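Protein chains in written order, with the working numbering: chain A, 1 to 145; chain B, 1 to 359; chain C, 1 to 117.
The hints are simulated quantities; they were obtained by calculation from the structure and are not laboratory data.
Keep in mind the model is a prediction, meaning the values are calculated, not measured.
One or more of the hints may lead you astray.
[Unchecked claim] FRET-style restraints, in silico, Cβ to Cβ:
1) B:Asp23 - A:Ser7: 28 to 38 Å
2) B:Thr30 - C:Glu25: 27 to 37 Å
3) B:Ser289 - C:Asn26: 29 to 39 Å
4) B:Ile202 - A:Phe47: 30 to 40 Å
[Claimed, not checked] Computed cross-link-like contacts, DSSO-like style, restricted to lysine-lysine with a CA-CA straight-line distance of at most 27 Å:
5) C:Lys115 - B:Lys47
6) A:Lys93 - B:Lys198
7) A:Lys67 - A:Lys141
8) C:Lys4 - B:Lys313
9) C:Lys23 - B:Lys336
10) B:Lys205 - C:Lys51
11) B:Lys313 - C:Lys114
12) A:Lys67 - A:Lys131
13) C:Lys4 - B:Lys285
14) B:Lys55 - A:Lys93
15) C:Lys23 - C:Lys115
16) C:Lys4 - B:Lys47
17) A:Lys93 - C:Lys51
18) C:Lys23 - B:Lys205
19) B:Lys47 - C:Lys114
20) B:Lys159 - B:Lys134
21) B:Lys47 - A:Lys93
22) A:Lys128 - A:Lys141
23) B:Lys134 - A:Lys93
24) A:Lys6 - A:Lys32
25) B:Lys47 - A:Lys99
26) B:Lys51 - C:Lys114
27) C:Lys9 - B:Lys55
28) C:Lys23 - A:Lys93
29) C:Lys9 - B:Lys47
30) B:Lys313 - C:Lys115
31) B:Lys205 - C:Lys4
32) A:Lys32 - B:Lys259
33) B:Lys51 - A:Lys99
34) A:Lys32 - B:Lys336
35) C:Lys114 - A:Lys99
36) B:Lys55 - A:Lys99
37) C:Lys23 - B:Lys51
38) B:Lys55 - C:Lys114
39) C:Lys51 - B:Lys259
40) B:Lys181 - A:Lys32
Idealized CB from N, CA, C, for every residue including glycine.
Below, each chain spelled out in residue letters.
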Amino acid sequence: MNKVSKSPWLLHYDASSCNGCDIEVLDCLTPKYDIERFGIINTGDPFQADILLITGGVNSQTERVVKQLYSQMPEPKVVVAVGICACTGGIFKECYNIKGGIDTVIPVDVYVPGCAARPESIIDGVMKALKVLDEKQKAMKEDRR
Amino acid sequence: MAKRSIVPFGPQHPVLPEPVHLDLILEDETVVGAVPSIGFIHRGLEKLVEKRDFKQYVYIAERVCGICSCGHGLGYCEAVEQVMGIEVPDRARYLRTIWVEMSRVHSHLLWLGLLADAMGFESLYMESWRLREKILDMFDETTGGRIIHSVNCVGGVQKDMDSTMLQHILQAIDDIRGEMKPVVETFMQDYTVQSRLKGSGILTKEDATALGAAGPVLRASGISYDARRLGYAAYGDLTMEPITAAEGDSYARCKVRLKELFQSFDLIREAIGKIPDGPISVPVKGNPSGEFFMRIEQPRGEAIYYVKGSGTKYLDRFRMRTPTTSNIPALVEMLKGCQLADVPLLILTIDPCVSCTER
Amino acid sequence: MDYKSEIRKITTAEFFPAVVRMKAENWRLSQICAVSVEHGYEMSYSFCLDKEYRMVTLRLEIGEDEIVASITQIYPCAFIQENEAAELFGVKIEHIDPDYGDRLYRIDEATPFKKKE
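Just chain A, same shape as in the assembly (with noise of 0.2 Å):
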């Protein structure tokens, strides 16, 4: 990609993961990484968020907490799936209280596995989650012609 034809913010939930995806997310913000090169940056606000970030797999306790959340962000908006908590459920897929992976309760546009998925691969995973939002961005224009 040669250029970024927006600077997304992020939103990040924690649906039940065991924090290990969670500090990495936070870890891209920070000097090492510094997601925010790419004008990027995190944010608390559903309202204001292009990109939503989902660690660890969904329970019936989270399920409402994520479609709010989803259903708040305005269009075009993307969903990156962080670990393989989030993709599948993982090692977590047979406990009682695991209904699996995000897809069960929204739609996912970027997987990114791992255990914990490392800074390096999510920051891929971002930038793949801008080039989807790019291309619902030019089908929405499209349709309003």
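Take the given structure of chain A and dock chains B and C to it, following the hints.
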């Protein structure tokens, strides 16, 4: 007449990386009560002992929490080894100690960063996390993982460290120690930091015992108790004294954790100086039969691992009581009487780890 | 320093006085653990004496429908772990303060740790 209202706090909150919910009962701006509600990340890991045998379960125990992962693996393995009467080789005991102390350094630096972030002190947050990267690089070099290491196994450790790695660790902790100086000065002497921390959230010595607090929260209230003194892993051969503070406020908790960082540097240095040569694990025969309560000191406080087996491959019961579980009642007590604006900061001073609490 | 925990078996009648004595001697409640066994539960209440690094566990064996009194009047901090035992194991604990009424973790499945017949 003060107006009473209830303010929900969380689950998704900018200060907290993890979901936890509190109902704050306010009189005007002052908190008079708090009802914690947890359960957002409950997975039911303890139940998985029925599906994974006791050797495989180490990987699950390590994934209870990503921050104290190394310690959870250690606690579980030590408990199973006690039940089975396994004598771990000396080199493995020292390797475990080095890794666990490194994870304490990483956890405390992470906490310092989050505390600074909660105060809105962005540059201090970035600086703490920049220093933390050096430890994560050492984890990467010695174990191959940054967060989840999977080094512990029943009967010893899975990976060895050669002398170059040990030298690199010494180099890294020396670097951090040098660069920590301005960070420590800012936390301890900066006017803004002091005005947020001093005198807030006081937990008295009596309350700390009565409410069953653990770890730095307990020690910051003047009680000298550190489970490392019990001498598990290689702690029996190393010299250490629990670090305490008398005040019991947020500032004291911050001070205790800062001092523990330097204590960990000393312990790592001592362990690397004393580490013997030899095998790193012993073969494990048979199945665990019996029960044991293991106490170890996690970065957040004393954690208890209970293992019960009846001679089969699968354990009957595994339970862990993590430090945050016992610090929540203390937190509720601390919150009483504070201002609404101080709530996020006070929650952080117990260093909450929600995924540990709910498992 | 011994890091073994001394396990004392006690009966339901001795239980409350024993906990009161622990409180009077300034022991710190360190954990409560429930275990499902044949026809009932084993409840373990561990206490730590910080000065001596000692840990004592009171072990209570109860039947499936037997009611245990909550110790939250003596140790208020027990509420999380007692609620947990009640919700996940189905142990009948009376007068927990505050009682979450089996809604601490709000899981879909009722009492997952209970021994299924």
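Consistency of the hints with the structure:
1. B:Asp23 - A:Ser7: 28 to 38 Å: At roughly 37 Å between Cβ atoms, Ser7 of chain A and Asp23 of chain B fall inside 28 to 38 Å, so the hint holds.
2. B:Thr30 - C:Glu25: 27 to 37 Å: holds (36 Å)
3. B:Ser289 - C:Asn26: 29 to 39 Å: Because 35 Å falls inside the window, the suggested range holds.
4. B:Ile202 - A:Phe47: 30 to 40 Å: holds (38 Å)
5. C:Lys115 - B:Lys47: holds (12 Å)
6. A:Lys93 - B:Lys198: violated (45 Å)
7. A:Lys67 - A:Lys141: Holds - the C-alpha atoms of Lys141 of chain A and Lys67 of chain A are around 25 Å apart, at most 27 Å.
8. C:Lys4 - B:Lys313: The given pair, whose Cα atoms are some 24 Å apart, holds under the 27 Å limit.
9. C:Lys23 - B:Lys336: holds (23 Å)
10. B:Lys205 - C:Lys51: holds (13 Å)
11. B:Lys313 - C:Lys114: With Cα atoms ~20 Å apart, Lys313 of chain B and Lys114 of chain C stay inside 27 Å; holds.
12. A:Lys67 - A:Lys131: OK: Lys67 of chain A and Lys131 of chain A at ~23 Å, within 27 Å.
13. C:Lys4 - B:Lys285: Holds, at about 23 Å.
14. B:Lys55 - A:Lys93: Within the cut-off at roughly 19 Å; holds.
15. C:Lys23 - C:Lys115: violated (32 Å)
16. C:Lys4 - B:Lys47: Holds, because 25 Å separates the two Cα atoms, which is no more than 27 Å.
17. A:Lys93 - C:Lys51: This hinted pair is violated, its Cα atoms lying about 43 Å apart.
18. C:Lys23 - B:Lys205: holds (15 Å)
19. B:Lys47 - C:Lys114: holds (11 Å)
20. B:Lys159 - B:Lys134: holds (20 Å)
21. B:Lys47 - A:Lys93: It holds: about 12 Å lies between the C-alpha atoms, which stays within 27 Å.
22. A:Lys128 - A:Lys141: Answer holds: Lys128 of chain A to Lys141 of chain A is near 20 Å, not above 27 Å.
23. B:Lys134 - A:Lys93: Not satisfied, since the Cα-Cα distance of roughly 33 Å exceeds 27 Å.
24. A:Lys6 - A:Lys32: holds (23 Å)
25. B:Lys47 - A:Lys99: At roughly 15 Å apart (the allowed maximum being 27 Å), Lys99 of chain A and Lys47 of chain B satisfy the hint.
26. B:Lys51 - C:Lys114: holds (16 Å)
27. C:Lys9 - B:Lys55: violated (30 Å)
28. C:Lys23 - A:Lys93: Violated, at roughly 42 Å.
29. C:Lys9 - B:Lys47: Given pair Lys9 of chain C, Lys47 of chain B holds - Cα atoms ~25 Å apart, limit 27 Å.
30. B:Lys313 - C:Lys115: It holds: about 19 Å lies between the C-alpha atoms, which stays within 27 Å.
31. B:Lys205 - C:Lys4: holds (26 Å)
32. A:Lys32 - B:Lys259: Given that 27 Å is the threshold and the Cα spacing comes to 25 Å, the pair holds.
33. B:Lys51 - A:Lys99: Within the cut-off at roughly 17 Å; holds.
34. A:Lys32 - B:Lys336: This hinted pair is violated, its Cα atoms lying about 39 Å apart.
35. C:Lys114 - A:Lys99: Holds - the C-alpha atoms of Lys99 of chain A and Lys114 of chain C are around 21 Å apart, at most 27 Å.
36. B:Lys55 - A:Lys99: Cα-Cα ~26 Å, so holds.
37. C:Lys23 - B:Lys51: It is violated: about 39 Å lies between the C-alpha atoms, which goes past 27 Å.
38. B:Lys55 - C:Lys114: Roughly 24 Å between the alpha carbons, so the hint for Lys55 of chain B and Lys114 of chain C holds.
39. C:Lys51 - B:Lys259: With Cα atoms ~21 Å apart, Lys51 of chain C and Lys259 of chain B stay inside 27 Å; holds.
40. B:Lys181 - A:Lys32: At roughly 20 Å apart (the allowed maximum being 27 Å), Lys32 of chain A and Lys181 of chain B satisfy the hint.
Hint violations for this structure: numbers 6, 15, 17, 23, 27, 28, 34, 37, all remaining hints satisfied.
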